[in-house]
Amino acid sequence: MRKGINLGLIVSMLLTSLVPTTALAADGLSDVKIYGYLAWRVEKVWEELSIDALGNTDTTDAPREITVPSFNVMMQSKVGDRAKVFINLNGSDADNVDVSNVWGEYRINQYVNLRVGETYRKFGLYNEILDAVPTYMGIEPPELFDKDHLILSRTTLGMIHGYVPVGDGEISYSLTVDNGEGGPTDEDNIPLGFDLRYEWNLGSYVMGISGYTSNGDTTSDVSLGSGSPRSGVLPWMASDDFNVIGAFGEFQFEHLKLQAAYWRASHDATRDADSIVTVVNGAGINANQRNRFLIDPTAPVVAANVDTNGDYDVKTWYVRAGYSFTNEYGEFVPYFQWDNYDNPETIENKSFGGDAEAGLTDDGQFQKSTVGIIYRPIPVLALKFDTSTHFQDFNGKSESFSEIRFDVSYIFGR
Amino acid sequence: MTIKRILIVLTMALFSSSTFAEVVVIVNAGNDTSTMKKSQLSRIFMGKATAFENGGKAVAINQITASSSRAGFDSGLLGKTTAQINAYWSKQMFSGGGTPPEELNGDLAVLQYVSANPESIGYVDSSVVNGAVKVVQLQ
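Protein chains in written order, with this note's numbering: chain C, 25 to 438; chain R, 24 to 162.
It is worth saying that the hints were derived from the structure and are not from the lab.
None of these values were measured; they are calculated from a predicted model.
Every residue gets a Cβ at the ideal spot worked out from N, C-alpha and C, and that includes glycine.
Careful, some of the hints might be misleading.
As the list claims (entries may be wrong) - Listed next, the in silico DSS-like pairs over lysine-lysine satisfying Cα-Cα at most 27 Å (straight line): (1) Lys-114(R) - Lys-392(C); (2) Lys-102(C) - Lys-68(C); (3) Lys-339(C) - Lys-102(C); (4) Lys-80(R) - Lys-61(R); (5) Lys-80(R) - Lys-171(C); (6) Lys-102(C) - Lys-80(R); (7) Lys-71(R) - Lys-57(C); (8) Lys-80(R) - Lys-57(C); (9) Lys-171(C) - Lys-61(R).
What the hints assert, rightly or not - Partner residues aside, some chain R positions facing chain C, computed with beta carbon under 7 Å: (10) Lys-114; (11) Gln-115; (12) Gly-119; (13) Thr-122; (14) Tyr-136.
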């Protein structure tokens, strides 16, 4: 569903949605809200790691990256008491707009709500709000949903969800199906996902588990050389039957917010021999990755020398803390994060479907610490500054490098 | 001397109570809701419930962040800071989970709206309450 559309189409979609609901609004039966945010970012990495011609570790300061201002426009429309429609468009300008979400939902009762269309699946603390996280919510996306190494697709085409009040809180659930961003399956299996959580004290405390299964062999949604996949399957796999499971918690104590999550993805995969030959010859992989892909790393790189057993596990966890306080100048939220990510199958080259974080390490593991602060002079304007340091093994030694980010975002239509 | 001190203290207490009058929850005078659990009030204002305990439709009416009653309502009756409430609604809005209650500009605007709309529920400073609305006792 993600594709470029022009401004005229956006306006048409919004007007199409507005006209009938505006008519209904006179009867008090509907409600339309249009809102969104503008965002802008500056990012710079220092002492990025590389290996020189002699095999020694070298470091270079990457050029400063300034993103063009981007926008998200969202429309939420209620039709009567039971139905609603949600559209989420984002892009850098009118000619480069993606449809992130477009869905309709019908509420049978509080226990059963049916949602159809492209929607972010309920999965952990972040997936549904990830578009807004980088600049407004104030905490960087967790490695789980870093677009360079997604461990599962973020969206689904159908979801059932609901909740049951229990004591001071409520238990909520969701069941999802997905064939939107994963590749085709031989058996036409339907991937399944779930989320189960308990929230209490008006959402101040949340604990839950989420899971996903490809429910059989599947393939990547991108071909080799076409960049990072938007699902959990690497593009050099001939087939991959994988499962994801994890747990998460969030606790708000007065002004202090604490978060933690752990995720594990288990892949029962088979590498495509020809793709591996292409990767080994053209992607600039390191010695450990070469050893992993080939039966005999010293022998010629041919299909017969490829180790096609691609079973591997991805593990990631994080802990995060933020403290919010307000004075006459606005709201301040200093925060700290520690992320851990381990993916032994990845490579660095993003064009081949790798990622420049875990793929840059000797063993696919890195830790990342982040400290930062958000300042909101008014509730709809956020200024964020933070710095992260990566810790990892590289070229046989423990190394680190740092980056800084500065973000500005403004919410409109609220 | 002691009597004089008592009078001073009582006078100060009286002055204090009129200066920091409490925020009260109001519904339309024709609404038969007289009491409400605090948890139900929270659920209505957080978009979790759309009905009074008697089953009648409930439409929450909030006040703008800058109003004098807003902070007292958020912290005193919802148990959260206004910043936390804003963060909660941002999550809901950006995920399609719902939109926050309409925000009106102060006590008099809420009083006027609630007095004209039988399904509405709002809050105002107790000093502005009149006969067109009814104060709901929270349990």
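Each hint tested on the structure:
1. Lys-114(R) - Lys-392(C): 25 Å, holds
2. Lys-102(C) - Lys-68(C): Distance of about 43 Å is beyond 27 Å: violated.
3. Lys-339(C) - Lys-102(C): Roughly 40 Å separates the two Cα atoms, so the pair is violated.
4. Lys-80(R) - Lys-61(R): Roughly 17 Å separates the two Cα atoms, so the pair holds.
5. Lys-80(R) - Lys-171(C): 43 Å, violated
6. Lys-102(C) - Lys-80(R): 15 Å, holds
7. Lys-71(R) - Lys-57(C): 18 Å, holds
8. Lys-80(R) - Lys-57(C): 21 Å, holds
9. Lys-171(C) - Lys-61(R): Between Lys-171(C) and Lys-61(R) the Cα gap is close to 42 Å, so the pair fails against 27 Å, i.e. violated.
10. Lys-114: Holds. Min distance 5 Å.
11. Gln-115: 9 Å, violated
12. Gly-119: 3 Å, holds
13. Thr-122: 5 Å, holds
14. Tyr-136: 14 Å, violated
Hints 2, 3, 5, 9, 11 and 14 from the earlier list are contradicted by this structure; the remaining hints agree with it.
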